[in-house]
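Following the hints, put chains A and X in place on chain C, whose structure we already have.
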Amino acid sequence: MAAHAGPLAATDARSVRRRLAGDTRVRIAIVVLTLLALSAAFASQISPYDPKEHLGITTLNGKPPSLAHPFGTDPFSRDVFSRLIHGTRVSLVIAFGAVALATTLGTVLGAIAGYVGGVVDSVIMRVVDAALAIPPLLLLIVVIALWGSIGIVPLALLIGNVQWFGTSRLVRAETVALRDTDFVVAARALGVPGPVILWRHVLPNAVGPAIVGAALAVGNIILLEAGLSYLGIGVPQPTPSWGNIIQDGSERVSDLWWLTLFPGLAILVTVFACNALGDALREALDPRQLQASPLEDTLHHSA
Amino acid sequence: MRRYLAARLFQAVGVVVFVTTFSFVLIHLAPGDPVAGALRGPNVSETVREQWRATYGLDRPLPEQYARWLLSTARGELGYSFSLHRPVRDVFLDALPNTLLLSGTALLLSFGLGMAVGVLQAERPRGARDRWMGRTLLVFFSVPDFWFALVILILFAYRLPWFPAGGLKDSFGYDYLPPLAKVRDRLWHLALPVFTLTVLTAANAARQQRAALIAVLPSDWMRTALAKGLSWRAAVRKHAFRNALLPTITLLGISVPQFAAGSIFVEKVFTWPGVGLLTVNAIGARDYPLVTSGVLVASIIVVCAALVADIAVAIADPRIRLS
Amino acid sequence: MTAPLLELDNLHTSFYTDAGVARSVDGVSFSIGHGETLGVVGESGCGKSVTALSILRLVRPPGRIEAGSAIRFEGKDLLTLGEKEMQGVRGNRIAMVFQEPMTALNPVFTVGDQIAEVARIHAGMSKREAAAKAVEMLRLVGIPAPEQRADEYPHQLSGGMRQRVVIAMALVMNPALVIADEPTTALDVTIQAQILELLADLTKRLGTSILLITHDLGVVAENCSRVIVMYAGEVVEEASTVDLFASAHHPYTEGLLGAMPRVGGSAERLATIPGTVPPPTAWPSGCRFRERCQYAWERCESEHPPLYQIGGGHTSRCHLAAEPERRAHPHLPIASQKGVSAA
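Those protein sequences? They're chains C, A and X, same order as listed.
For the first sequence, position 141 (counting from the first letter as 1) is numbered 141 according to the working numbering, and the numbering increases by one without interruption.
For the second sequence, position 245 (counting from the first letter as 1) is numbered 245 according to the working numbering, and the numbering increases by one without interruption.
For the third sequence, position 70 (counting from the first letter as 1) is numbered 70 according to the working numbering, and the numbering increases by one without interruption.
A couple of the hints might just be wrong.
[Said to hold, decoys possible] Subject to a maximum C-alpha distance of 30 Å in a straight line, what follows is the list of computed BS3-like cross-link-like pairs (lysine-lysine):
id	chain 1	residue 1	chain 2	residue 2
1	A	Lys238	X	Lys127
2	A	Lys238	X	Lys84
3	X	Lys76	X	Lys204
4	C	Lys52	C	Lys63
[As the list claims (entries may be wrong)] If you only want the chain A side, here are some residues facing chain C, beta carbon under 8 Å, derived:
id	residue
5	Thr20
6	Leu71
7	Ser72
8	Gly79
9	Ile152
10	Ile154
11	Phe156
12	Tyr158
13	Val199
14	Phe265
15	Val302
Derived by calculation from the structure, the hints in this document are not laboratory data.
Cβ atoms here follow ideal geometry from the backbone N, Cα and C, with glycine treated the same way.
Chain C extracted, bound-state conformation (with noise of 0.2 Å):
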């Protein structure tokens, strides 16, 4: 089939970024991180109020939604909608921050193993294997048990410790099968150091799967947040996160639903608009993905 082998198999940057371009998916992903970056951005000026403020603990406490509070008040009389704008900034924080983190991680110890192999890649590969049978919720919930409620950065850093195994695996993975091809052998047989050769070589063409695990632990990393504040040993109160405005009605949900229903809205959009661009990037990496199509598409005449 080598007639049309070559055309398809194109994934240079231009075809990918074309891919990317008409694809749904990427432009609402751009609306919603943009919206969310700018009410991040610009929380102490969009919220109406102070999220932290109690406005009237015996007066305002758990309002229903109105024109002065659209999202209404939580039971300690806090405004819900500048909580969850200011949450916002909270749950992005952490989540790019343990993105960056484990991204980092996973790129760089993925890329060693596979370059390395040996003993090395098998060290880290049973590390990675054991950590993997651990849901990181779980994991996450031992430490904090343990440690006692911790603070935003320490949080980030947390998260970002227990997400960089998938990434790791990803990467090295393109590192072994970049580890043979003629290029790096050229460049080690003309002794160019390892650590340059994986810099400059290995890691730009790793870059691929490391984005599209980014894109998805960005989703992932939000709802392991959420799930812990949720739990009441994520964002220590009185804060406000997504998750611990949910925990705040979690006593009364049905009375108090406005308080589980738009911090939780606001976290399945973001989430699905994260997990809608790795998916798009996925398949635009990927071309392979358009070959399986049905055969009744292939005749002009018979429709």
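Structure of chains A and X alone, referenced to chain C:
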């Protein structure tokens, strides 16, 4: 095949040892010790605490403690839960069947559902059906587990009081019900948690199934199947499905940790008295033996599930089975 | 003169890719008679395989068979059939033997099941009847202990055995035409001859026509009565095998023959054709072979050559048929000049 299974088993044991060691290290790195936690309060004198430490061997060198702990853990002695005033092992033995019932049912249903949806999508990748199904799945894939459970709870237990808001069975009249009504009551209580967990898990299963199918569709043997005169649909459902089953099972085995997280939240929201609810409640009670044992038990379940998945693949794949 | 079994009329198959429209098969016409073995030769990328897949309508998107093409088989135009009717043709009246026996068989089904499947689809046989048929077919293609082999999986068989299985699968329904796409390329040289012999023997016995696609003129010489030479999506020469080997007309065919090792031939270096087949998204204007041709002149650039009649059913898509005196003045082809300047 035998060698493969032996290697896989060895690996699983290694992971369990790693997890237990890791738990031990974590517990001992943590500030404070169990005795200080259990015997809080100013009325307990330091001598009493010392006595307790000696009784539980907490004054011995760390390696010895580790060896003892490993031994007792292997024997299933997981410590004493001071929030429930019972041995941790007994607490878990009570909770485990409930978790297995909920998770097992949800796993079976979601795999069935997910695989069916994945096949329907892969029959015409990027077609209209694939697109809308894909977007719907992505919503369920992106939804926070606990939030989805809360929404289901609010809608179908509170707003429309069709189902009980939680628990395993009717807390008052269950014992007086006739046998058939007992079954009905159990199913009625099972419905919402199972539905929630099934939908959440099926989204993942369907995505895996679709990806696995699409990866094998361009294979030469698919072309052979079509050249034989099979319809595209039959070729997908028979030839591609059987081949895609193997990676799907592997991937599902790998995604068990995610499933475990989901089931913890579902148990918590629907107050389903399983391992997940126990563990989560233990966090609030600062019941460390219970928390760490919960994680240990959950990790072992996860490792076993992955092992089962790999064994299933080994049996289903003639290339491994006959090697 | 009776109607041919299969007649391709102006077949166009294109692939709509990111890099442009690849006109992989660009106006191909030929026919095969009952019981005839027709060879199709050419380098890879010249459209042979796509032609084969087009006959069975197995071209997958982004490939399309263009309007205006016709594939007449047993009195019907296959391109007008519904997908359902086409399924009744595939594996039943026209069967295919693929190049790679390693990957053409499904790894998770036994070979017996895979052969039986054909009988189940087309003859409506029961499971048991089909299983017996599979064993019978395995015996027919010379596989020892067929009862046991039927229960084995492809990975348990050698390459040659697997190709026998593929042939067995193709012959279950006693089809009128077998399309064999490079059936021996992936096999050891010693096995190659056995497989071709088996195919020739069986089809002769059953009266089956064969469309034998290959890049190996030796295979053609031994098996085919007539040959089509394809280049850049077109038929460039058609002749009886005897004529082709005795007096090839098209310079491309000459090149292919020159590249063929011959028993008892001189030890001089094998002549190869300079350059490669151009990409199907951008066929050259005029004659598509001109850049690699040692005779090419201005006319070849300005005028797309038609299929000239050379006589006795021999045709050639080369302007040398109109200006034969040009053959006396070969020169270095553009492609090899490029190669020289680049070096």
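Okay, the hints, checked on the actual structure:
1. A:Lys238 / X:Lys127: Holds: Lys238 (chain A) and Lys127 (chain X) sit about 16 Å apart, inside 30 Å.
2. A:Lys238 / X:Lys84: Holds, at about 18 Å.
3. X:Lys76 / X:Lys204: Satisfied, since the Cα-Cα distance of roughly 25 Å is no more than 30 Å.
4. C:Lys52 / C:Lys63: 16 Å, holds
5. Thr20: Violated, because the Cβ-Cβ distance from Thr20 (chain A) to chain C comes to roughly 11 Å (cut-off 8 Å).
6. Leu71: With a minimum Cβ separation of about 21 Å from chain C (threshold 8 Å), the hint on Leu71 (chain A) is violated.
7. Ser72: 19 Å, violated
8. Gly79: Violated, because the Cβ-Cβ distance from Gly79 (chain A) to chain C comes to roughly 14 Å (cut-off 8 Å).
9. Ile152: 11 Å, violated
10. Ile154: 5 Å, holds
11. Phe156: It is violated, given that the least Cβ distance between Phe156 (chain A) and chain C is near 11 Å, above 8 Å.
12. Tyr158: With a minimum Cβ separation of about 4 Å from chain C (threshold 8 Å), the hint on Tyr158 (chain A) holds.
13. Val199: 14 Å, violated
14. Phe265: For Phe265 (chain A), the interface hint holds, since the closest Cβ of chain C sits about 7 Å away, which is under 8 Å.
15. Val302: Status holds, d = 5 Å.
Of the hints listed earlier, those the structure fails to meet are numbers 5, 6, 7, 8, 9, 11 and 13, in rising order.
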